[in-house]
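Student: Quick note on this note's numbering: the sequence shown kicks off at 1 and runs consecutively.
Hints in this document: simulated from the structure, not taken from any laboratory. Among these hints, one or two may not hold up.
[To be verified] Derived DEER-like restraints, expressed as beta-carbon distance ranges:
{"no.": "1", "residue 1": "L128", "residue 2": "Y91", "range": "35 to 43 angstroms"}
{"no.": "2", "residue 1": "L45", "residue 2": "T194", "range": "49 to 57 angstroms"}
{"no.": "3", "residue 1": "L45", "residue 2": "S191", "range": "38 to 46 angstroms"}
{"no.": "4", "residue 1": "A37", "residue 2": "C169", "range": "15 to 23 angstroms"}
{"no.": "5", "residue 1": "V64", "residue 2": "G174", "range": "36 to 44 angstroms"}
Where a beta carbon is used, it is the ideal one built from N, C-alpha and C, also for glycine.
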Amino acid sequence: MKNLTAKIELYLMSLGLLFFLLIIKSINFPICFDMDAQFVGFEYLFKHNVATLICLLFLIISFVCKKRFAHSLKGAVDIECKIQKIKNGNYEYLTFLTTYIIPLICFDLNNLRDGILLIVLLVLLGILFIKTNLYYLNPSLALMGLDIYVADINYKNKTINDIIILSDCKLKKGDCFKKHIIENNEIIYCSEITKA
Numbered sequence: 001m002k003n004l005t006a007k008i009e010l011y012l013m014s015l016g017l018l019f020f021l022l023i024i025k026s027i028n029f030p031i032c033f034d035m036d037a038q039f040v041g042f043e044y045l046f047k048h049n050v051a052t053l054i055c056l057l058f059l060i061i062s063f064v065c066k067k068r069f070a071h072s073l074k075g076a077v078d079i080e081c082k083i084q085k086i087k088n089g090n091y092e093y094l095t096f097l098t099t100y101i102i103p104l105i106c107f108d109l110n111n112l113r114d115g116i117l118l119i120v121l122l123v124l125l126g127i128l129f130i131k132t133n134l135y136y137l138n139p140s141l142a143l144m145g146l147d148i149y150v151a152d153i154n155y156k157n158k159t160i161n162d163i164i165i166l167s168d169c170k171l172k173k174g175d176c177f178k179k180h181i182i183e184n185n186e187i188i189y190c191s192e193i194t195k196a
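Can you make the complete structure from the sequences, with help from the hints?
Tutor: Put into structure tokens, the structure is as follows:
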């Protein structure tokens, strides 16, 4: 998870919800229930749904990135850690949604200038999230059932403060688990509690 490709994949995965909402907003096909209605043809549909098809492509890429991330979490784990202090960080998911995803669906993808501006903003946000290691704020992770925690843990008889934990299970003070390092011992993953 330490390489640039994995961080880019996590960022693309975080935009899956945005691409889905943009598809709903930008899809353009005529609906007619008259008895003499005829199919307008694939050429018409492709021509009037270019933005929708691009968003669909990126939604599929986002889904593939999600599968790759889930698979990568099944890797080797480290020795046991014990939680000394913990707080829930799930509010970060809502912060990401309200700050980045919701405003971005207001762009009109049928307007070339808005489309270019959206692409520039997504690239700049991606660079920012990757450089600052904030890709764990990904709302797609919440949809996968992962919770965010900020904790102090005891690891190899040392205390590591304010570590970010992504977890499949509910954690509390005193829980022990085997960690999977995601980012330089700053962000870790916990799939199961070994003892309480």
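Student: Against which earlier hints does the structure fall short, listed by number upward?
Tutor: 1 and 4
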